[in-house]
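> Sequence:
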Amino acid sequence: TSLGPVVVTPDELGALSLKMVARVNGEERSRGDLADMHHSWDAIVAHAARNTRLRPGDILGSGTVGTGCILEHGDGRWLLPGDVVELEVEGIGVLRNRVGGGASSV
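Position 19 (the sequence shown) corresponds to 19 in the working numbering; numbering is contiguous.
Honestly, the hints are just simulated from the structure, not real lab data.
Predicted, not measured: the structure shown is a model, and the values here were computed from it.
Beta carbons are placed, not taken as given, at the ideal position from N, Cα and C, and that holds for glycine.
Please note: incorrect hints may appear among the correct ones.
Derived lysine to aspartate or glutamate pairs resembling EDC-like cross-links, with alpha carbons at most 20 Å apart [stated by the list, open to error]:
(1) Lys19 x Asp36
(2) Lys19 x Glu86
(3) Lys19 x Glu88
(4) Lys19 x Glu90
(5) Lys19 x Asp58
(6) Lys19 x Asp33
Okay, the calculated beta carbon distance ranges per label pair [claimed, not checked]:
(7) Val7 x Asp42: 17 to 27 Å
(8) Ser17 x Arg96: 15 to 25 Å
(9) Val6 x Val45: 35 to 45 Å
(10) Glu27 x Arg55: 36 to 46 Å
(11) Arg53 x Glu90: 31 to 41 Å
(12) His38 x Trp78: 23 to 33 Å
(13) Val7 x Ser40: 13 to 23 Å
(14) Ala46 x Ala103: 36 to 46 Å
(15) Leu18 x Ala103: 28 to 38 Å
(16) Ala49 x Gly100: 30 to 40 Å
(17) Gly82 x Ala49: 31 to 41 Å
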């Protein structure tokens with residue numbers, strides 16, 4: 001799980017019709033829209049608050065934007081150590097991470 005480069009509150013997102021692009025090693029693999037989220041932010045917050053006291057500063061994630069999951073593409077192009085994954089949401093920025101190697105067995 002990653003967080004950044006910018007954190008915004010739901011009220012700062014406006015109508016939530018923001019384009020998302022996912023790239024692996026610079027190649028576009030997915031394009032979606034936050035407007036297609038299965039649950040609204042209000043529903044996500046309400047669900048999280050059912051069993052937990054939410055406090056200022058708590059962070060909730062929305063999960064994967066539709067078409068953003070490699071599994072649903074079904075093309076077998078899985079991430080490999082060293083791959084650079086970029087997730088870009090218009091108006092927010094680009095989150096960029098490099099895939100690390102697996103833990104060494106001792």
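> If a hint holds in the structure, say so; if it doesn't, say that too.
Hints and how they fare:
A C-alpha spacing of about 10 Å is found between lysine 19 and aspartate 36, which places the hinted pair at or below 20 Å, so the restraint holds. For the proposed pair lysine 19 and glutamate 86, the alpha carbon gap of about 14 Å is at most 20 Å, so the pair holds. For the given pair, lysine 19 sits about 8 Å from glutamate 88 by alpha-carbon distance, which is consistent with the 20 Å threshold. A threshold of 20 Å between alpha carbons decides the hint, and for lysine 19 with glutamate 90 the separation of about 6 Å falls inside it, so the pair holds.
Restraint check for lysine 19 and aspartate 58: the C-alpha separation of about 25 Å exceeds 20 Å, so the hint is violated. Simply put, lysine 19 and aspartate 33 have alpha-carbon atoms about 4 Å apart, close enough for the 20 Å limit, and the pair holds. At about 19 Å, the CB distance of valine 7 to aspartate 42 agrees with the hint of 17 to 27 Å. Checked against the given bound of 15 to 25 Å, the beta carbons of serine 17 and arginine 96, roughly 24 Å apart, stay inside it.
The hinted range of 35 to 45 Å is not satisfied by valine 6 and valine 45, whose Cβ atoms lie roughly 20 Å apart. Separation of glutamate 27 from arginine 55 is about 40 Å and conforms to the stated range, judged on CB atoms against 36 to 46 Å. Between arginine 53 and glutamate 90, the C-beta spacing of about 33 Å keeps the proposed range 31 to 41 Å intact. For histidine 38 and tryptophan 78, the hinted distance range of 23 to 33 Å is satisfied, since their beta carbons lie about 24 Å from each other.
A hinted range of 13 to 23 Å for the beta carbons of valine 7 and serine 40 is consistent with their spacing of about 19 Å. Distance hint check for alanine 46 and alanine 103: the Cβ-Cβ separation is about 37 Å, which falls inside the suggested range of 36 to 46 Å. For leucine 18 paired with alanine 103, a C-beta distance near 35 Å keeps the hint of 28 to 38 Å intact. Taking 30 to 40 Å as the suggested C-beta distance range, the pair alanine 49 and glycine 100 conforms, at roughly 34 Å.
Taken as a hint, the range 31 to 41 Å holds for the pair glycine 82 and alanine 49, whose Cβ atoms sit roughly 40 Å apart.
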